[in-house]
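Use these hints to put chain B onto chain A, whose structure you have.
Number of protein chains: 2
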Amino acid sequence: MNTHTFDTYLLQNRERLLEDYKDFLRQPSVAATGQGITEMAALVARRFATLGADVQIIPTTPDSAPVVWAELGEGDKTLLIYNHYDVQPAEPLELWETPPFEPAVRNGHIYARGASDDKGELVTRIHAVEAWKATQGALPLKIKWLVEGEEEVGSVHLHQWVEQHQGMLKSNGCLWEGGGFDEKGRFELTMGVKGICYVQLRVKAVDHDLHSSRAPLAPDAAWRLVWALNSIKDNQENILIDGYMKYVREPSAAQMEMLQHIPMEEEEIKNKWGIHEFLKGRSGLDALKALYFAPTATVCGLTSGWQGMGTKTVLPAEATAKVDFRLVPDLTPDIVVDLLRKHLDRSGFTDVEIVSYDGYRAEFCDVEAPIVKAAERAAKRIYGQTPVMIPNSPGSGPMWSLSSFIGGVPVVSAGISHSDARVHSPNENIPLQNYYDGMRYIGALIDEFAKS
Amino acid sequence: MNTHTFDTYLLQNRERLLEDYKDFLRQPSVAATGQGITEMAALVARRFATLGADVQIIPTTPDSAPVVWAELGEGDKTLLIYNHYDVQPAEPLELWETPPFEPAVRNGHIYARGASDDKGELVTRIHAVEAWKATQGALPLKIKWLVEGEEEVGSVHLHQWVEQHQGMLKSNGCLWEGGGFDEKGRFELTMGVKGICYVQLRVKAVDHDLHSSRAPLAPDAAWRLVWALNSIKDNQENILIDGYMKYVREPSAAQMEMLQHIPMEEEEIKNKWGIHEFLKGRSGLDALKALYFAPTATVCGLTSGWQGMGTKTVLPAEATAKVDFRLVPDLTPDIVVDLLRKHLDRSGFTDVEIVSYDGYRAEFCDVEAPIVKAAERAAKRIYGQTPVMIPNSPGSGPMWSLSSFIGGVPVVSAGISHSDARVHSPNENIPLQNYYDGMRYIGALIDEFAKS
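So the protein sequences, as listed, match chains A and B.
In this text, residue positions in the first sequence follow this note's numbering: the first is 1, and each later residue adds one.
In this text, residue positions in the second sequence follow this note's numbering: the first is 1, and each later residue adds one.
The shape of chain A in the complex, shown without the other chains (with noise of 0.2 Å):
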């Protein structure tokens, strides 16, 4: 590529493409209440038309919000985009500096709810492929876009759409969205996440709360309670389900390669949480190995009884805990709930019911597919360093849905977020630089992935 054309021609058309951002950021798509979901994605379905893309509007449900799917370009490698235009609630409204939905510019950044995540990397995507076509011509690949609208409410119907419409889906290689740059400024590559499966555990040990003196003959609902998530894990951080230490697999030599390279800056997260130690004491290569391939089991939330002021006796009828689990690859949400069903009769629990929510599978990808490496050389053009490649993510999200029907296809996540960037809160903001830089970036990667 040309890359003083495609450059030339971003610095020309600044002003009108940060206009074309904000006009996303003025129109509200809060996945949660559906506000603006239909308006915005007509407006993206319209911005993709100009882009000279096939593009459908393809519902998921009838109430729900469609998948915006574009085709763009040809070529021997078919590069797939993940993104979302929905976003999360502005509330509280207060803390805005200036209003949600106006976007401003102030100080270098851009604040408006949806200015980081996703509309931010959207657009940077969409201008980037803009100026390509305007500068170097024809596509070098093929890109198929699919922009869902439910991403903040997790995704509850990708999963169907994805196995409805698996044969539009066959890539090379896919590219993510999220990512960006470290508090230190370094950009990271981050490939992978585990998945989740969250769970209310509920038991109910006699008709009403009791007074604490009928303890001798009465069941209590909250021993019977921590009794129970006492058998699901030791105080030695040991899962102790049957069945669900089997699923965990040494990362592979690449993984283990990349770790190595990760800087973690142990004594500044320990401070920040105020901690001497991490878990069991783990430290450097430890400690990564475990924060982005073990599976977890944790205690979000427990309720039960009297938890106000000073003291009162009562035997609680009932007790309740949110707990998640981090998942491997093939530990499914449902072979945990089923795992932890029997795993809770097998230990005589069988009083504690399980609650289910929707969840997330792991998707654990090839850290040395093409688009990686493309990904990686197209960092060390823009940025000038070697950016940090993470993996797999701690966290969770979509990622299977997409990529299992079609075989596993190699994710990336590459964004142009930082640290400050207050993702899901008030003054949610990018730097202009990192919109800027970014548009270059994905050029490059266009670039690198076509010709590799």
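Derived by calculation from the structure, the hints in this document are not laboratory data.
Any given hint might turn out to be false.
If several chains are the same, the list does not tell them apart, and a pair holds so long as it fits within one copy or across any two.
[Stated by the list, open to error] Keeping only pairs whose Cα atoms sit at most 25 Å apart, straight-line, the calculated DSS-like set for lysine-lysine is: (1) Lys204 with Lys272; (2) Lys312 with Lys270; (3) Lys272 with Lys312; (4) Lys204 with Lys312; (5) Lys184 with Lys373; (6) Lys451 with Lys77; (7) Lys280 with Lys342; (8) Lys373 with Lys77.
The model shown is predicted, which means the values in this text are computed figures rather than measured ones.
Leaving out everything else, chain B in the frame of chain A:
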């Protein structure tokens, strides 16, 4: 005693005495707010004076409710009587059919806050003494009467007051407040109480709530609490605190004999609680022995992290539990806190903080003492039935503070309450017949105890 003249006096003065009862109920005396406490103490003292008693209003601390102390009569025996002149708050007021401090008679019941607990019993006893003196002449024994004004807020100064005035309190037996008739109309006598130690356990694991994807590195306060609790009692209901169970003694032969005659409606209770069997399959004597004589450890409440609807993937920084321990003699609240601290430290839970609240010591009484036998004979005389003899209460109260300083004086509770008295609730009431019979019962008790 001449029961005919005694009973005739009560009948002939019924209207006047009932008006006197109502005067007690009209005067608010809410310990929690202080409302009417001073006026109520003065009213009790004036009433004692009309009986010809030596009366003193003795302060506890300058800002707290005083003790009303009265001495009447002479004799070889001294009967100590314990009552309290304070009441629970009347709220929620809208649930009262008639205002809480405007006593009303409906369907043979008298309704007002304190009608049962404890003004009803105090008045019953005062009127019995009046009738005795009016019809039998001098009292056949000495009565020492302690009426405190802080029972409903945990008798916070009683212990100290008794310690300072123990010389005055010497007696041969004590008539406690409370008691009456069970659901089937059986009259009950109760001796002794369990103690109680109430604590909050608190864990702060990290500085602030973290994203749950950090679980491989950051300690989870909720897990720490679960494991700490699990170390306190196992799922077979064994309390594991080192040194705790050594305080447990077998009930005496006389106590066991009493247990064998307690009619426990097991199926009714289980149906009411919605359970198929009591804890550990307990039944019969085994269930009664545990209920009345076993120490306990009860989780009264749990709080941590996300407790709302749906999911929040949070690793909670803090978790707390409220725990009460019902105690046997010599296992004092201070000892429990000390044993618990040592147990937690030894078990690796130095991070679990103990916040301890005021507690009570246990007081298991001599169930064959003359005051108990006298109370039993009086019941047979007035109610024509052998009372249910309950050797100890599964609940807790300030009994130890009174009896311990005066050589373990035996205590018996013999009251006028019933199973629908709504004590501490709106529409507190007493059937007037219970009050009429109660006065005759107190006359018989004085007679029996003096003769014994």
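Inset, instruction - Give me the numbers of the hints this structure contradicts, sorted from smallest to largest. - result: none
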